[in-house]
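Top line first, the protein sequences correspond to chains W and R.
If you're matching positions, the first sequence starts at 0 in numbering that gives the first Met the number 0 and goes up one per residue.
If you're matching positions, the second sequence starts at 0 in numbering that gives the first Met the number 0 and goes up one per residue.
Worth flagging that the hints you see were computed from the coordinates, not collected in a lab.
Where hints are given, some of them may not hold.
Stated by the list, open to error - The list that follows gives simulated cross-link-like pairs (lysine to any residue, SDA-like), each with its CA atoms no further than 20 Å apart:
#, chain 1, residue 1, chain 2, residue 2
1, R, K25, W, T87
2, W, K46, R, K25
3, R, K186, W, T87
To be verified - Rough simulated footprint, nothing fancy, chain R against chain W, three-plus residues with beta-carbon under 8 Å:
#, stretch
4, 108-121
5, 210-219
6, 237-244
7, 247-259
8, 264-277
By construction, the Cβ of each residue, glycine as well, lies at the ideal position given by its N, Cα and C atoms.
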Amino acid sequence: MNLVVALMATEQGLTKDTILSSVAGYREQLEAGASKDALEKMFERDKESLRGLGVPIETIGNRADPDDLREARYRVPTAEYALPEDITFSPAEVALLNIAGGVWGSESLSADARSGLRKIRALGIAVDEPIIGYAPRIRVRDASFAALQRAIEQCRIVTFTYLRPGEARPRERRVQPLALVEYEARWHVYGYDLNVDADRTFLLSRIVGEVTLTRKGFPAELREGAGERALEGLRAVAERQRALLEVHPGTEAALRLDRRAEQAPQGIRVPYVDLHVFADELASYGPEVRVVEPADLRAEVIRRLEATLALHGGAE
Amino acid sequence: MSTDRPVAALDRAALLLQLVPYLLGKGEVSVAEAAAEFEVAPDQMRAMVERLTVIGLPGEQGYWQLPHDLFDIDWDLLDRDDVIAITNTVGLERSPRLTAREAAALLAGLQLARSLPGFGDSELVTGLLSKLARGASTAPAAVIVAPGPVDGVRDVVDEALRSRVAVTFTYRAPGAEPISRTVDPIKVHIANGQWYLQGWDHLRQAVRTFHLDRVGDARVTDIPAAHGADPVPELFAPADDEVVARFRFPREVAPLLADYLERAEIDDADDGRAVASLRLADEQSLKRLAARRGGEVELVEPAGARRAAAAWAAAGLAQYAHES
């Protein structure tokens with residue numbers, strides 16, 4: 000902390016030597032006879048931790064030779080450290096942010112949201128009456144979420160094993176991850192699939208095991224507008240794919256499907272994004288729904304029902 | 000939200016960065032209130048404040064720091080009244096920018112909040128989205144939450160909530176005949192894209208939870224919601240679930256069964272498979288689970304559910320019988 004204060008107070012920056020000999024924390028150690036090597040390592044570690052906390056540390060190199068870091072000066076540019084002065088929040092905005100910050104069920108995202116809220120509340124804004132009556136929640140149960148989020152932030156290529164439904168064994172994918180999208184209560188990662196050289200959307204729940212961040216990066220520009228592109232992509236697919244279904248009125252299936260459906264002369268038309276995810280859902284309704292078309296969806300539902308029957312002792 | 004967990008060094012640094020602007024904004028604040036805001040125990044808050052007072056600017060070469068080079072607080076006030084007030088600062092006065100992670104968490108939350116009735120594409124939300132993006136130290140990862148379909152029932156419930164009156168509707172519970180209900184709305188929960196209303200049910204004279212997808216013909220009444228502020232239980236509070244169910248599944252599909260597995264006991268079985276044991280309110284849902292995961296999830300117990308799954312699949316298949 001002494002380091003942050005020191006680096007923020009300086010305009011022209013402090014050299015490493017000055018820091019080690021004057022900033023509390025290093026200075027005592029130096030005076031107690033700690034080796035300079037050890038202290039320099041400690042300084043490098045502290046610098047990285049602070050950057051991890053979002054504190055920007057600028058390195059001002061030697062003008063004649065920018066690669067020579069021996070004389071480098073370090074500083075924290077206040078303008079980049081602090082919330083910009085012109086960003087203010089109205090009481091109504093803070094009330095809404097309080098709701099937005101409370102949606103996370105997962106511990107790490109929830110801590111991030113609360114910490115962000117604290118920074119905003121510290122601007123000393125009065126808060127409107129809290130918005131009562133609503134408790135929206137987002138749950139992230141997919142273990143891969145955190146790793147993918149980190150990879151997107153750092154623009155790093157990831158590899159993971161993906162089990163595509165209908166395929167016997169999972170396959171290794173190499174992807175430039177660009178956005179995380181929750182669509183119909185399922186999390187997807189959208190990115191550029193380097194195996195097929197095209198944009199692809201993957202279901203997080205079908206990622207088997209760990210997501211590995213490789214050392215290889217990708218240009219940050221690829222991320223621009225990726226969230227909107229991903230969402231448009233999913234919507235375009237739903238627009239294209241509409242199943243024709245016959246549903247028995249009054250059943251669970253009718254309740255769940257009618258909301259998403261358009262009436263058709265023979266039953267209802269329901270848009271879907273993923274053939275297999277939708278086949279899973281339709282199979283669960285058993286005799287409550289019959290798939291008229293498309294044929295591949297019908298075949299997938301029949302396959303699931305046959306497998307269920309076979310696994311549970313067949314017909315009696 | 001645990002308050003007695005030890006605060007790791009890095010977290011402590013992050014908190015200290017936020018502490019100064021918070022204390023300055025407050026002027027004077029009790030140790031208890033500050034501790035609650037920072038989600039630490041009062042002792043830890045006191046320790047943080049004490050630690051703050053040994054932080055400061057580097058001293059002149061060869062000299063130790065002078066008092067005005069350090070943060071300081073009103074010690075009397077702290078000792079006497081347990082109140083914190085900063086008296087000298089040497090930096091850190093402004094709130095730090097949001098980290099990419101913090102901004103992403105709030106941005107995604109806002110997208111969900113946007114699906115609440117009355118918040119749609121309001122300027123409030125749009126303005127906040129751009130402020131948060133601008134207030135982040137590095138570009139947050141795009142975390143998008145797509146709004147689900149909205150229907151009139153939500154608007155009616157919202158109107159009842161806001162005007163603090165009862166709402167009346169037809170409710171169709173799973174496997175039951177529709178019943179007309181009148182409810183004092185208390186809270187609307189949105190979880191996994193599903194909307195639930197918790198409210199005081201005039202018929203049962205108690206707080207009940209209603210799945211809004213099962214609600215039809217909703218109308219606002221002019222009956223004041225006398226129980227509109229009653230305490231409500233957790234949405235999925237553990238109930239006295241009677242049925243013990245067991246099913247077998249291949250390990251690699253575990254993520255797809257998360258809903259069930261998070262409250263199940265899981266044992267290894269042969270062939271890379273596992274067996275989950277859990278308690279359920281009723282076994283009706285199991286046949287649907289088995290059919291959904293067609294061929295992957297095998298119900299083991301209760302035997303009735305196993306038979307029901309076979310019959311369910313057979314009845315489903317019968318609809319296609321003439322085709323094959």
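Now the hints, each set against the structure:
| no. | hint | verdict |
| --- | --- | --- |
| 1 | K25(R) / T87(W) | 17 Å, holds |
| 2 | K46(W) / K25(R) | 30 Å, violated |
| 3 | K186(R) / T87(W) | 30 Å, violated |
| 4 | 108-121 | holds (count 13) |
| 5 | 210-219 | violated (count 1) |
| 6 | 237-244 | violated (count 0) |
| 7 | 247-259 | holds (count 6) |
| 8 | 264-277 | violated (count 0) |
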